[in-house]
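2 protein chains.
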Amino acid sequence: MRNLKPNRRSNCPISFSLDVIGDSWSLLIVRDIIFTGKKTFGEFLASDEGIARNILTNRLSRLETMGLITKNPHPTDKRKDLYKLTEDGLDFIPVIFELSAWGAKHEPETSEAQAWLADVQIDKESLIQLIKETVKNGGSVFAGPGNVIEQLKKRQQSQ
Amino acid sequence: MRNLKPNRRSNCPISFSLDVIGDSWSLLIVRDIIFTGKKTFGEFLASDEGIARNILTNRLSRLETMGLITKNPHPTDKRKDLYKLTEDGLDFIPVIFELSAWGAKHEPETSEAQAWLADVQIDKESLIQLIKETVKNGGSVFAGPGNVIEQLKKRQQSQ
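Respectively, the protein sequence lines represent chains A and B.
For the first sequence, counting from 1, position 6 maps to -9 in my numbering; every step adds exactly one.
For the second sequence, counting from 1, position 89 maps to 74 in my numbering; every step adds exactly one.
Quick caveat, the hints were computed from the structure, so don't treat them as lab data.
Just to be clear, a hint being listed does not mean it is correct.
What the hints assert, rightly or not - Quick list of the computed label-pair ranges, beta carbon to beta carbon:
{"id": "1", "chain 1": "A", "residue 1": "ALA37", "chain 2": "B", "residue 2": "ASP62", "range": "41 to 51 angstroms"}
{"id": "2", "chain 1": "B", "residue 1": "LYS69", "chain 2": "A", "residue 2": "GLN106", "range": "43 to 53 angstroms"}
{"id": "3", "chain 1": "A", "residue 1": "GLY123", "chain 2": "B", "residue 2": "PRO130", "range": "44 to 54 angstroms"}
Beta carbons: idealized from backbone N, C-alpha and C, even for Gly.
All chains, full assembly: derive it from the sequences and hints.
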């Protein structure tokens, strides 16, 4: 479990959160799990930002030490590990969500993937809760069966 | 104005936001402006985290280049500059707010300064809007005349 005391910069909760999450590479790994349901080293490595192998190894280990992700052996492929967000990690969803909203607002070129948000008939709190439940159960926002977008489309059709 | 194109890691809005804001030192400067109304180099330097002079100089310059803060001469003390959030910078308030909420929830020792949140009879969207308006007009959450806490107390008394 994390023990930041010796390294903590202050008692400010914002500083504490930043010390726990680490840097932007760590946040991008958390993003990969939430938005595209990535679970393995190879999947994280393949993301567009081109994270280096050694940085990825370091950040996965750090996220695990900080209690934000867990690592378990792949059920059928013993060469692989599966990474999953803990409850503490799932609680970072609102932070990632607001980072996404800032980017989509201030750089139109990035907003294509976020266009779905504009069409969504759901308040922000409910959407974040739905994302959290879905990711907790192994799903994601965009990818995989029963993803958040599919769920929202079904809801709208049944209305 | 910012032009990240050559350095952008991907078209993901989350990655874009992280590339604009930079690292945690930059976020802590933005926090200082929002929560305690700091405006000068000396005030940022005095924060609990003990930022080094050269890092502070670099991050202030970076935040200005990225269009998140402006720098103007102090009206009476020509040796000083006054830093202020731009509209783009003010839009980071929800991100900072969620970082604060995560820290307060997961590290009770940091939550003292955040205890006010629990007592506040206001929904999150309205609170963030109130913070944004107050900071835009030169105020802050905790410090200075007409700070957010004072405003909320007045509201509750008049209810």
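Tested hints:
no.	hint	result
1	A:ALA37 - B:ASP62: 41 to 51 angstroms	holds, 46 angstroms
2	B:LYS69 - A:GLN106: 43 to 53 angstroms	violated, 37 angstroms
3	A:GLY123 - B:PRO130: 44 to 54 angstroms	holds, 51 angstroms
Of the numbered hints listed earlier, the single one contradicted by the structure is hint 2.
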